[in-house]
Amino acid sequence: DTAVSQTPKYLVTQMGNDKSIKCEQNLGHDTMYWYKQDSKKFLKIMFSYNNKELIINETVPNRFSPKSPDKAHLNLHINSLELGDSAVYFCASSQPPGRGSYNEQFFGPGTRLTVL
Amino acid sequence: KNQVEQSPQSLIILEGKNCTLQCNYTVSPFSNLRWYKQDTGRGPVSLTIMTFSENTKSNGRYTATLDADTKQSSLHITASQLSDSASYICVVSGLGSSNTGKLIFGQGTTLQVKP
Chain V
1 DTAVSQTPKY LVTQMGNDKS IKCEQNLGHD TMYWYKQDSK KFLKIMFSYN NKELIINETV
61 PNRFSPKSPD KAHLNLHINS LELGDSAVYF CASSQPPGRG SYNEQFFGPG TRLTVL
Chain L
117 KNQVEQSPQS LIILEGKNCT LQCNYTVSPF SNLRWYKQDT GRGPVSLTIM TFSENTKSNG
177 RYTATLDADT KQSSLHITAS QLSDSASYIC VVSGLGSSNT GKLIFGQGTT LQVKP
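Those protein sequence lines, which keep their order, are chains V and L.
Going letter by letter, the first sequence gives residues 1 to 116 in this note's numbering.
Going letter by letter, the second sequence gives residues 117 to 231 in this note's numbering.
Which residues of chain L face chain V? A partial, calculated answer using Cβ under 7 angstroms:
hint: 1; residue: 158
hint: 2; residue: 160
hint: 3; residue: 162
hint: 4; residue: 218
hint: 5; residue: 221
hint: 6; residue: 223
Computed spacing ranges between beta-carbons, pair by pair:
hint: 7; chain 1: L; residue 1: 186; chain 2: V; residue 2: 61; range: 37 to 43 angstroms
hint: 8; chain 1: V; residue 1: 59; chain 2: L; residue 2: 142; range: 17 to 23 angstroms
hint: 9; chain 1: L; residue 1: 190; chain 2: V; residue 2: 40; range: 18 to 24 angstroms
For lysine-lysine, the following DSS-like pairs were computed, each having C-alpha atoms within a straight-line distance of at most 25 angstroms:
hint: 10; chain 1: L; residue 1: 173; chain 2: L; residue 2: 218
hint: 11; chain 1: L; residue 1: 187; chain 2: L; residue 2: 173
hint: 12; chain 1: L; residue 1: 117; chain 2: V; residue 2: 41
hint: 13; chain 1: L; residue 1: 173; chain 2: L; residue 2: 133
hint: 14; chain 1: L; residue 1: 218; chain 2: V; residue 2: 44
hint: 15; chain 1: L; residue 1: 218; chain 2: V; residue 2: 71
hint: 16; chain 1: V; residue 1: 41; chain 2: V; residue 2: 9
hint: 17; chain 1: V; residue 1: 52; chain 2: L; residue 2: 218
hint: 18; chain 1: V; residue 1: 36; chain 2: L; residue 2: 117
hint: 19; chain 1: L; residue 1: 230; chain 2: V; residue 2: 40
For the record, the hints were derived by calculation from the structure and aren't laboratory data.
Cβ atoms here follow ideal geometry from the backbone N, Cα and C, with glycine treated the same way.
My request is simple: use the sequences and hints to build the entire structure.
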């Protein structure tokens, strides 16, 4: 009965490789997000999709490409991994943001990516 | 620049004691402020959400306060338990961001409750 799930939980890979992280939510939400949490614990938004449409795209290298096959899934593909990509990546979902909406976001357990 | 700053960075208290965590923000215009609890190895979980018209909100032993004039918030934990050991993150949503869901996160306060 997990609300927001991510796979894998841990990912260790070599520099230059391409990897994907998957995210699924069963809350019936239309909006999904990807966040990066660095070593200083700051969470920063990377992308947001509303019903499969991109609505937030922060200044993220184009090596990062989100893909939303349907509104319950938002996967993150990373090409040519670099050492600085090592971090914990969190997926989240919410009802669509808008006037009057608190936009409460529900987070997944995170994927710890280590690039060697 | 929209920012959220928390203090202290870390805190150690004895089980059963109370504590208060602080959050100052410069996000404007302001929509709402929320406190999240993040256990080690897990994603953040929402504790409270407050709009500018709310100045206090409780969730069990957690009580959040908000002063929208001074742009300050606090999270008070009463009768702490070992399970309260976690990072507590203050998050602010601006009015413009209500259409995109973009949130501004503080760096968190790491709380350790010792027996």
